[in-house]
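> Two chains, two separate frames, one set of hints: put the complex together.
Residue numbers (our numbering), protein chains in the order written: chain A, 1 to 197; chain B, 1 to 399.
These aren't lab readings, by the way, just hints derived from the structure by calculation.
You may find that some hints are simply not true.
Said to hold, decoys possible - Think about it this way: if two alpha-carbon atoms lie no more than 30 Å apart in a straight line, the pair counts; the simulated DSS-like pairs of lysine-lysine are:
id, chain 1, residue 1, chain 2, residue 2
1, B, Lys259, B, Lys187
2, B, Lys221, B, Lys75
3, B, Lys254, B, Lys50
4, B, Lys50, B, Lys38
5, B, Lys221, B, Lys50
6, B, Lys208, B, Lys70
7, A, Lys84, B, Lys220
8, B, Lys298, B, Lys50
9, B, Lys254, B, Lys38
10, B, Lys298, B, Lys254
11, A, Lys172, A, Lys122
12, A, Lys77, B, Lys75
13, B, Lys221, B, Lys298
14, B, Lys38, B, Lys70
15, B, Lys254, B, Lys187
16, B, Lys345, B, Lys221
17, A, Lys77, B, Lys220
18, B, Lys345, A, Lys77
19, B, Lys75, A, Lys84
20, B, Lys221, A, Lys84
21, A, Lys77, B, Lys221
22, B, Lys220, B, Lys48
23, B, Lys187, B, Lys49
24, B, Lys345, A, Lys84
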Amino acid sequence: MDLGKQFAEVIETSNSEFLAQCYELDGVPALGSLVKTRSRDCEIYALVYASGTHSIEPGRRIVARGQGATSPADVFKANPQLAKLLCSDFRALVVGHDRGGVMRQYLPPSPAGIYAFVYSCKPEEVRIFTGSLDFLSLLIDSRLPVATDEVIAAFLRLASLTHQAPQEFLIKAGQGLAWLLSNDIRRLDSILKRLRI
Amino acid sequence: MTLDITQVYSQIEAMAGDIKSRRADYVRRLDVALNTLKTAGSAQDKLKKKIDRARTTWLVAGLREPIGLKQPAAKCPDDYAVVASDGSQIDVDRHHSVRLFLLNIGLVCLQYGSRPEAEFTTLPTLYSDEERLFIRSDDGKQAQIEGPLLGLKRDIEECRCLADRVCAMPAAMPVVGLIDGTLIKWKLAGQRYEDFVVKHLLDEGLLKQLDRFQVLSREKKAAVASYISFPGSADVVNALRLHLCPYEPVDCDKYCAGKFEGRACDAVGGLADRDIFRRLLSDGERSAVFCSNSSIIKRYGSHKVCFFYLRLDDEVARVEAPLWVADSSELLETVHALVAEQCRKGFGYPVALSEAHEQAVVSGADRAQFWDVVERVMLEGNLETGSSLKQRSKKIRWI
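With the rest of the complex left out, here is chain B (with noise of 0.2 Å):
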């Protein structure tokens, strides 16, 4: 039996009835939020060591420029390229025999100006040999890479890919490198990894990859940047939070412990940045830039992340890129105006993206057939294929 959407409906409406009753209140918090924004913008050094000193349960973004700026995109340069990366996966299988996986990167690299050009590339490579499959130590100690660390392998190969490409771009154009989702790599924060896992991805890793875009920015007009569409972050939100609270430093387990509703702060919680840029930017517009100041940041160094918000047309993106694009203010603003472009064009989604991800999707047909090739192949060579009970009773639906 499959999923019985009767059932469901009316817990859909009653869903919907809730968060329409809700639905006051949330434009109450809106109203009191772009007012405290306000209030801080006024305030903002004395805003800026409260947030330096406090303590929180949450992510607090940190303040660069005035935290109510709107600023408009500038005009795209005459010649530019977009260069986007997106990946997919087939993840290590149980119910087979073979353990592998496989990365499947989209490549897209558009040109505009004199000499428009489109160039799309798909690079499918297979992980199957002991020494690819984990992660190891110097000192005997190994991770599977699999699931979520696969995840963040995939992250780091479509880095790779992307700097492979920009390095090899012309010098005297100007170019954006664009990745889908966060530079923030919070998963390898915390205790959940080993060091020499979150060494090898990241210090390794990421950090490597944008060193390499670092270097190049220093020899021409090349930034890196990352897209999230729909953001549900909040980080600003409680930077807004820590301006109404009546505490000096703020302190969280020590004067609210245990509560969850009725603090000052309150006025606003709920609310992700997005809702609040919403209402304060114009199309194409962009919010002030913010760093993050999660926990996993301490380790990026010059890579240290920054974000700021953009208006499109009917939504908020949020657009992170390192410290020193965000210092740069040449950087910024191509940043800035091409993504912005590239959304328009995309029609709110950047369109290289969009285009990337059509490279590297792997579909369900896709997976059904490289696992039926891989079986073909195993066979064809005399070797174990093997798949467990499971696998086949999911393959044959019997009665």
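So that you can see chain A by itself, here it is in the shape it has in the complex (with noise of 0.2 Å):
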């Protein structure tokens, strides 16, 4: 596994998605941007769907310190133990898995391993990853708690830019998607509306 940088580790998992926290305090990666980890037999691909930052303890309200403060950092600086208090996570779709060198676009026999660390993926990994557009079917079906034709069409223009051609790569998923939203006009141009890089 060509590793990238690790930057987080998975804390809730299941087949289909995981849950990571991150090293650093607001280090999520962006909306649709593609991460890996690793299960016991395989390495997952999963989209960052949601993240955020929040306080560690559910019960510890996060309060407004910045009056007065001329940035977000003073108040880091004035309060250094809020560092400790908060953490940022997000949560992944799993779209695909490498086994033995093969790429699949389907869900991996397992889920990803707790604690197991979780890498960003290199533009090369994304183009790789992207050349095959199976794994559409798997977001298009999914039920997501957020904007699911969000998610899509933010990593459909993450991944174009990994590609020499960009705009030829979104004609291409474009063309994907209008075959499997072909009963849903509204949806795919929606989605397709959001493809402008």
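This is the structure in structure tokens:
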């Protein structure tokens, strides 16, 4: 496995998605980023569909502290404990796996391991992963607690930048979406409108 | 059946009505107290002598500075640190067959300035061997550490962990070590505990740790203080009572035995020090430094406890420090400035203490899990794990 930057750890896991906590506050990847981690028998690829920063303890509410400060960085400087009391995490939808060097764009046999390290994917990996668009059906059919179409569009926009001809990639992706959403023109239109770079 | 709040409701209403009816009286007493503070201030030397010669039934603050002093906080140093410790415990449970107790000390080090940093530590320690479950005297006496004695033991461990951490701080950085609650171990006064217990907990416990701070303060700007939120003490009010007393020397038992009202000093009775200083001080200001005259303080030597009141946004806190801190204007100023700033950052309560508490706290669920683990490990070792039938009946709430 060609490792990118290790930046988070899986803290909740299932076959279809995982929750990962970032090592750095506000160190969450962009919406639609492709990330990778490991299960006991393969490398897992997943799409970031939600992220945020919150109190480590559910019962402790974050309160505003910046009145009179010139920047949020000043708030952290004046209250060094905050970095220890807050955490950033993200949820990622599993969209494929690599077993024995063969990329498969469907769910892996086992979920990502708990505490498995999460790595960012290099542009080359994203380009290779999006060489096939079979994973689009997984995305279209997923029922995420956020607007799924936003995640699909964000991912395709980011992925297009790793290709030599981004526009051609987006046209190809649009064609794939048109086939999958032939019975839902309104939704197709909504995603296509969001594909403009 | 749990508490039937509907039955208590009317009693709560009656209580609130009673407090309301006494409100006007409270305001009148407070006005008298503030006027007395002024007159006492202009005759401070006389009052000081009166306090020294008085025989009272209550604690009277010793005067070190003008009684009505209002001192604004100095600016905090550019770089400084605040270290705080707090603790919680799982007490000996006589319904379990294993005799043990657990202390969980939370330690927080916050560094401010050019290199802001935070360090959180939790130090849980299990005490289960006979040697550490008892305090023993050389002549074969022993006292089991549990209940109130365990509370005192915890205070000392908090202070020890705090001293360890403060000693490890870089020399160039001003640092204040903060403890929650009072430094005055008044529970050890009187006949309640035998001398070997007092010696163990105070002379070889708290005071030994305070010695470490004092030694450190000679090498660098390091102080120790304790913080009491919403204090109920009335040492300064009692000094005002002496000022109002017509007898010289004051002798409560001789002149006022059996009287609880109608005395000249009752004009300020029922007030707490915080009531006076809430009216007198502005935000961030401290009162004069006073010294405690609690009987246990006689054992404290150079660590004799001094205190001042600090007005914060919406309350008055009491800050206690050993005499060697109060005697150094530099250390006193640092304690005042840093504690006031900590309260400002912590919305009225020192942020380092608040986080130390969060590190130390043992919840009901933690307690249950602790005892489950103890029983499981005992079972794995084929050891007896009996608990009392009362304990079992609490777990299984049958009908």
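> Looking back at the numbered hints, which does the structure fail to meet, lowest number first?
As far as the earlier hints go, 5, 6 and 22 are violated by this structure, in ascending order.
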